[in-house]
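Asker: This is what each chain is made of:
There are 2 protein chains.
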Amino acid sequence: MFNQLGVIGCGLMGGSFALALKRGGLVRRVVGYSKSPSTTERAKKLGIIDVAAESALLAVAGSDIVLIAVPVAATEGTFKAIRHLVEPGVLFMDVGSTKRDVVDAARRVLRERVPSFVPAHPIAGKEVAGIQHADASLYNGRQVILTPVQQTNPVLVQKATDVWSAVGAQVLKMSPENHDAAFAAVSHLPHLLAFAYFSAVMRHPSGRDFLSLAGPGFRDFTRIAAGDPAIWRDILIANREEVLKQSARFRTTLDALEHVMKSGNADALEDLIRTASEGRAGWQMGGGRGTTRQ
Amino acid sequence: MFNQLGVIGCGLMGGSFALALKRGGLVRRVVGYSKSPSTTERAKKLGIIDVAAESALLAVAGSDIVLIAVPVAATEGTFKAIRHLVEPGVLFMDVGSTKRDVVDAARRVLRERVPSFVPAHPIAGKEVAGIQHADASLYNGRQVILTPVQQTNPVLVQKATDVWSAVGAQVLKMSPENHDAAFAAVSHLPHLLAFAYFSAVMRHPSGRDFLSLAGPGFRDFTRIAAGDPAIWRDILIANREEVLKQSARFRTTLDALEHVMKSGNADALEDLIRTASEGRAGWQMGGGRGTTRQ
Chain Z
1 MFNQLGVIGC GLMGGSFALA LKRGGLVRRV VGYSKSPSTT ERAKKLGIID VAAESALLAV
61 AGSDIVLIAV PVAATEGTFK AIRHLVEPGV LFMDVGSTKR DVVDAARRVL RERVPSFVPA
121 HPIAGKEVAG IQHADASLYN GRQVILTPVQ QTNPVLVQKA TDVWSAVGAQ VLKMSPENHD
181 AAFAAVSHLP HLLAFAYFSA VMRHPSGRDF LSLAGPGFRD FTRIAAGDPA IWRDILIANR
241 EEVLKQSARF RTTLDALEHV MKSGNADALE DLIRTASEGR AGWQMGGGRG TTRQ
Chain S
1 MFNQLGVIGC GLMGGSFALA LKRGGLVRRV VGYSKSPSTT ERAKKLGIID VAAESALLAV
61 AGSDIVLIAV PVAATEGTFK AIRHLVEPGV LFMDVGSTKR DVVDAARRVL RERVPSFVPA
121 HPIAGKEVAG IQHADASLYN GRQVILTPVQ QTNPVLVQKA TDVWSAVGAQ VLKMSPENHD
181 AAFAAVSHLP HLLAFAYFSA VMRHPSGRDF LSLAGPGFRD FTRIAAGDPA IWRDILIANR
241 EEVLKQSARF RTTLDALEHV MKSGNADALE DLIRTASEGR AGWQMGGGRG TTRQ
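As they're listed, the protein sequences go chains Z and S. Straight run, no breaks: the first sequence in full-length UniProt numbering ends on number 294. Straight run, no breaks: the second sequence in full-length UniProt numbering ends on number 294.
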């Protein structure tokens, strides 16, 4: 049970965390801060936060748990704004989709206060952003990856594990490097490919006609292309090294498929497709439940 | 109202067409043929066909409507098997996902009997194949593209339009060339990309771990990677010229996105993503309803 939650960034992720803690009776009071005062006011009117703070630092003051839920690129600035109140024993977490850059920023800015920061990535979201879509169940049944480093206070890692578990999430631990490689592969690269593919269709001279003929396969394949531009800009730049590496691997398998198409080698093409098809048919979401990776 | 439907290829597509015509009271009797006698037997036991024919030719004999529902690569062989009974006034259709190759095969094999053949592509399917998944509602609310050529008998084109409309489908007409370009863009290329992407993840040394972390975005993006290998082998080879052309366009937009990622130009990256994101957010499936394209 926490006394006060400080939410920096009252959006979908921060608002949903506040609602989940409130619903679970895990916190007495929520203080929120957003760059735009109208957002903070709206969060208060919606009953998601109890008190609107006038700065990030004021949202930290008196809190024993703090969630930094700002776009990835704004994390370092937030650390700078709050560093003087980053006290031992207070649990600080973020929700960023990339972790190496966040850990680097924490080391640069927080320095000796780094042990209080437990980097977190909840695998949850919606195609819509904003506090008005906050949902107490957003994290229920989802995975949350913690990427503590050597200096991170293990007591706070345990507290982080407990609070995410209490809102229904499955907690995994990984290194920031493994995290970023894994999410480049299963999230960031697919987004990049979906953006590129949808743009290519739109730019085709007959693109409008094509789009009117597209069916359910297209609908599902391109759903993630509707992702928020500012969020995905930050993620793709923050994790570009890994994403570009995985994209090169993707191009190699695409080359192999196109090569057998060109040569008309039907058997080889069928074999390549079968590998993917059987792999996908045997895959189930959440196959990692209950396991912990370092 | 038809007297007898001949179904060549008792699978998901052929079986669903037979069921839909039966349910609509549009046919008195269904005669079915499949390469494997056990499939034909099963179709009969399931009540999808009334009579099991011992050859494709025997499924045509006495029929006033014939649906060729075999894999695209088997269409030419089917034309050869039935050509002596391709009579004027009898409606012959296929269900292939590519149309230029089918029209070419029809011209080569059927010659002066080409007017009886109305090339058709119902935009419907499931991730599972086989007669046991046949569904009388498969075509309800879906689009069916007809690609008649100059010689095609307009009376049969009208009959084809009527029968697909009667089972609840929306009928569009296009040239075989426009059809193949459009479906390369919105169906064949996404499948190729999904096969390539899923294979690339599987082949990564940490692929198993990555897959256990994948979430709902990945699930939707890769759903079509589970497509049937034999069907997609045939489609990708039959329409390879267009698919490779569209893939090159895709690579150009992917190059542009990667270029701005590498240069760290966040504004340019956001602009490129925004184009795709807003385009996708504004897209609705079935936007082509009620229109006809040549």
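These aren't lab readings, by the way, just hints derived from the structure by calculation. Careful: at least some of the hints might be erroneous.
Since the list can't tell identical chains apart, any single copy or any two copies may satisfy a pair.
Unchecked claim - Below are the EDC-like pairs computed for lysine to aspartate or glutamate, each with C-alpha atoms no more than 16 Å apart in a straight line: (1) K35 to E76; (2) K262 to D104; (3) K245 to E258; (4) K173 to D220; (5) K262 to E241; (6) K173 to D162; (7) K173 to D209; (8) K126 to D220.
Asker: With reference to the structure, classify each hint as holding or not holding.
Answerer: Status of each hint after checking the structure:
1. Only within a single protomer do K35 and E76 lie at most 16 Å apart by alpha-carbon distance; the minimum there is 15 Å, versus 65 Å between protomers.
2. Proximity of K262 and D104 under a CA criterion of 16 Å is satisfied in neither setting, with 46 Å inside one chain copy and 19 Å between copies.
3. Taking the shortest alpha-carbon separations for K245 and E258, only the inter-copy value of 11 Å comes in at or below 16 Å, while the best intra-copy value is 20 Å.
4. Taking the shortest Cα distances, K173 and D220 never come within 16 Å of each other, neither inside one copy (30 Å) nor across copies (25 Å).
5. Proximity of K262 to E241 under the C-alpha cut-off of 16 Å is restricted to the inter-copy arrangement: shortest distance 8 Å between copies versus 31 Å within a copy.
6. Proximity of K173 to D162 under the C-alpha cut-off of 16 Å is restricted to the intra-copy arrangement: shortest distance 13 Å within a copy versus 60 Å between copies.
7. For the identical chains of this complex, K173 and D209 are inter-copy neighbours only, at 13 Å across copies versus 47 Å inside a copy, given an alpha-carbon limit of 16 Å.
8. When the C-alpha separation of K126 and D220 is checked against a cutoff of 16 Å, the pair qualifies both within a copy, at 15 Å, and between copies, at 13 Å.
The earlier numbered hints that this structure contradicts are 2, 4.
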